[in-house]
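There are 2 protein chains.
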Amino acid sequence: MEEIIAERMQGIPRSFIREILKVSLDPAIISFAGGLPNAAFFPVREIQNATEKVFEKYGASVLQYSKSEGDEQLRSLIAARYLEKKGLHISPENIIITNGSQQGIDLLGKVLLNGGDNVLIEEPGYLGAIQSLSLFKINFIPVPLDNDGLDVATLAEVCGRSRAKMLYTVPNFQNPSGISYTDSNKERIAALAKEHRFVVLEDDPYSELRFAGEPGKAFCHILPEQTVLLGSFSKIVAPGFRLGWIASPPWLHEKLLIAKQAADLHTSSFTQKIMAEFLSDNNLDEHIAKIIEAYGNQCRAMQSALSRHFPKSITFTKPEGGMFLWGRLPEGMDSMELFQAAVRERVVFVPGKPFYTGNGLTSTFRFSFSCVDIETIEEGVKRMARALEPFEKRYGIN
Amino acid sequence: MEEIIAERMQGIPRSFIREILKVSLDPAIISFAGGLPNAAFFPVREIQNATEKVFEKYGASVLQYSKSEGDEQLRSLIAARYLEKKGLHISPENIIITNGSQQGIDLLGKVLLNGGDNVLIEEPGYLGAIQSLSLFKINFIPVPLDNDGLDVATLAEVCGRSRAKMLYTVPNFQNPSGISYTDSNKERIAALAKEHRFVVLEDDPYSELRFAGEPGKAFCHILPEQTVLLGSFSKIVAPGFRLGWIASPPWLHEKLLIAKQAADLHTSSFTQKIMAEFLSDNNLDEHIAKIIEAYGNQCRAMQSALSRHFPKSITFTKPEGGMFLWGRLPEGMDSMELFQAAVRERVVFVPGKPFYTGNGLTSTFRFSFSCVDIETIEEGVKRMARALEPFEKRYGIN
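So the protein lines, in turn, are chains A and B. Position one of the first sequence corresponds to residue 62 (the working numbering), numbered consecutively onward. Position one of the second sequence corresponds to residue 62 (the working numbering), numbered consecutively onward.
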């Protein structure tokens, strides 16, 4: 019967991450691979209290079907936080609650993309977005990232001839690279978006996890009428709820709502009410401050260990927040080859390959510092340095 | 910017149900319109206990990311219940937990359907399926329902020339008609599915709600290698959890899993564990028995009121379970016109139109008996009878 499988399912990249996770299950292995937030900071007791209140206040009604848009209280709390934290005026009416921000990518794909359309994407890019958007049978047009954001010269060149409908971007503490777009970079991108009439999909799950530097402007502020903003509670509260949101300009909202309804009617009314109750009763800033402190310490510990144990010619990005560092091996060296050597040293990371839309060798790789304590980071970096040794002569690493 | 909206979003039927729900908010209105399960039977206390146990047993780990397939314990419990209740051998490995069975429709659509493909669908059919599948830009081939199931002669004729990839069916207490397919009807459909190589999408959220008659065989039993079975906790426990599942033959499972991962990574690990705990600690049969008793009483009360207050020429199906009755007005009379008259009498129902894939007048309509008590049923049917009066002469209703 396989002959009746849809065309869109052909050539979907297998999830290499899932393969790595299997290796990571061995407790002898140190993992810099996972992209998970640190469960030590999930506010379990506070969520338990919020859950009890939800049963008390709402009883059976919270277990009934509800609106496709999502819970009104939760949408208002999200809008209020955007105003307070970022000065963004987002109406609760333009927010739809989704099953994590991942679902927002799927919904926007449904609303905008025909087969054969062109989609701009930062390279390296979030592999969940690559996988999700691949199902629409679109052509990816990768635009390289540098330390300030997108390579705007390349973007200007490709969007002149591509008539792309959309740019996928994670402008803060990007996954996988950890870099953030500067304001001037964002402004130049927004000008191109306006000129060439493409939507900016601003996927922003990490921006509240800033442990250094100053926040910039959101695309949603610079170009509100063409920006779709995705947010998530996964990194700042807990991912197991699968609660995210999509905030869109009015011309897209009704279409996204139809797509949401068709996809699964609505997101769990029960988990939405728990989150609303949790947010009402607790100081989210104080909670996030604890996460930031730990992630900042772990990032600095990893940078320090790398500076002491790694050859200088292997360079890393310098994130001001988030969960990831991005490394670069000498040109021509395959990070997949290093991965195999690292497994033998009982340490794993994610090779760059799955973050690129094309094929071919990649010399880049991602380290995550969110779930490893400082001693483990030190030991893991030492193991990585040992895994590198056999390659040093061959690739002139020093 | 509207010019960049994808083709699939054009011509999606607006949800008339949502419009009706707005009218129903007026407490003076009696509603036979809703398709909701009765919240009076949600096992709130038991779910609250299960939730407390989940916090105790799992703590932070239940709030972390988890597998796209879903919780292993929950998948095992679902498989064990199929074996116990229906003698169906379904491996937990072939089950994926979804956000309600609605998401299962979307996932199977992604895996099977190219634009322009033909999809067989019972007529009248579940409007959520019509909406969801419409987004794949397929051609619906409606096959009429009668009291035994599909009109097999028509099915044989259309599937000979259509090369359809899939048949969408709700074989037990169908939404909207309330009818169930007989075993011999299912066997003849399965033989055609085998001959013409199409997948049977067996959407089965209601089969445990049987208040009369004897259960038949599942398509999944008759033709396991070509049947995809959708199940849900929405009608037997509570819909607010958004927990359903898709059980598929192995040749489809891996593809569905990729589609699920791309759609939203996974369904809430928190709600899955609560449901698993609830199922382990409670007798689901005893719980369902209470629902069945009420729905059976309400169905019989509605049938009795209709026989006393309605003209005999208006006929109704005779469901053995589920939540719906399906009525038929004289040929040529538009149930939408009756709806307007009914609103004036302060009673609402769902006109047949949204359950058909084509346009044109429909003389059919759906009454739901799940959420109305016996006195309200009596009063609502009287109001409906009054709403009918002005039409009786014109359409020869007697």
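Some hints here could point you the wrong way.
What follows is a list of derived Cβ distance ranges for each label pair [said to hold, decoys possible]: (1) Glu347/B <-> Leu144/A: 47 to 57 Å; (2) Pro311/B <-> Asn200/A: 26 to 36 Å; (3) Thr215/A <-> Glu315/B: 29 to 39 Å; (4) Lys114/A <-> Glu80/B: 41 to 51 Å; (5) Glu68/B <-> Thr376/A: 43 to 53 Å; (6) Lys114/A <-> Leu86/B: 23 to 33 Å; (7) Arg224/A <-> Gly274/B: 24 to 34 Å.
I should point out that these hints are in silico values taken from the structure, not numbers from a laboratory. Glycine residues also receive a C-beta, built at the ideal position from the N, C-alpha and C atoms.
Structure-based check of all given hints:
no. : hint                              : in the structure
1   : Glu347/B <-> Leu144/A: 47 to 57 Å : holds, 50 Å
2   : Pro311/B <-> Asn200/A: 26 to 36 Å : holds, 32 Å
3   : Thr215/A <-> Glu315/B: 29 to 39 Å : holds, 36 Å
4   : Lys114/A <-> Glu80/B: 41 to 51 Å  : violated, 34 Å
5   : Glu68/B <-> Thr376/A: 43 to 53 Å  : holds, 45 Å
6   : Lys114/A <-> Leu86/B: 23 to 33 Å  : holds, 26 Å
7   : Arg224/A <-> Gly274/B: 24 to 34 Å : violated, 59 Å
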